[in-house]
Amino acid sequence: MAKITVIHDRIGETLTIYFGEPSAEQVCEEVGEGIILIKDKENRVIGFEKLYYKPTPPEEVLTVEASMSPSGSL
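In this text, residue positions in the sequence shown follow my numbering: the first is -15, and each later residue adds one.
No wet-lab data here; the hints were simulated from the structure. Among the hints, a few may not be true.
To be verified - With a cut-off of at most 16 angstroms between alpha-carbon atoms, the simulated EDC-like pairs for lysine to aspartate or glutamate come out as follows:
id : residue 1 : residue 2
1  : K38       : D24
2  : K(-13)    : E(-3)
3  : K25       : E13
4  : K38       : E26
5  : K38       : D(-7)
6  : K34       : D(-7)
7  : K25       : E9
8  : K(-13)    : E13
9  : K23       : D(-7)
10 : K25       : E5
11 : K38       : E17
12 : K25       : E(-3)
13 : K34       : E17
14 : K34       : E9
15 : K38       : E(-3)
16 : K23       : E5
Turn these sequences into a full structure, and let the hints steer you where they fit.
Structure follows, in structure tokens:
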């Protein structure tokens, strides 16, 4: 399984996600309002960055219960 790196910068208000190891040689391309693709030197997407990112407060907790039927299935 590939390694995913998530970096949240609260002061800079950015959320950066890398698929695999961050590369020393990167090219960044803004593709939408506040969305930046991060590419390696072969122009493959290796991650993205979301600008102006502020996490929302936690939502309510959702509790799910499951029970087994007599046949053993859910």
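Results for each hint:
Straight-line distance between C-alpha atoms of K38 and D24 comes to about 27 angstroms, which puts the hinted pair past the 16 angstroms bound. Taking the CA atoms of K(-13) and E(-3), the gap is about 23 angstroms. The hint is violated against a cut of 16 angstroms. Proposed proximity of K25 and E13 is supported: the alpha carbons are some 13 angstroms apart, at most 16 angstroms. With a C-alpha separation of about 32 angstroms, the suggested pairing of K38 with E26 is violated against the 16 angstroms cut-off.
For a cut-off of 16 angstroms, the pair hint linking K38 to D(-7) stands: about 10 angstroms separates their Cα positions. As the CA atoms of K34 and D(-7) are separated by approximately 10 angstroms, the hinted pair is consistent with the 16 angstroms bound. A threshold of 16 angstroms between alpha carbons decides the hint, and for K25 with E9 the separation of about 6 angstroms falls inside it, so the pair holds. Between K(-13) and E13 the CA atoms are separated by roughly 22 angstroms; this puts the pair beyond 16 angstroms, and the hint is violated.
Distance check on the hinted pair: K23 and D(-7) sit about 20 angstroms apart at the alpha-carbon level, beyond 16 angstroms; violated. Of the pairs offered as hints, the one joining K25 and E5 holds, with about 14 angstroms between alpha carbons and a cut-off of 16 angstroms not exceeded. With a C-alpha separation of about 15 angstroms, the suggested pairing of K38 with E17 holds against the 16 angstroms cut-off. With a CA separation close to 26 angstroms, the supplied pair K25 and E(-3) exceeds the 16 angstroms bound.
Note on K34 and E17: the hinted pairing holds, with a Cα-Cα distance of about 9 angstroms set against a maximum of 16 angstroms. Taking the CA atoms of K34 and E9, the gap is near 20 angstroms; set against the 16 angstroms cutoff, the hint is violated. Our distance criterion of 16 angstroms between C-alpha atoms is met by K38 and E(-3), whose separation comes to about 6 angstroms. At roughly 12 angstroms between alpha-carbon atoms, K23 and E5 fall within 16 angstroms of each other, so this suggested pair holds.
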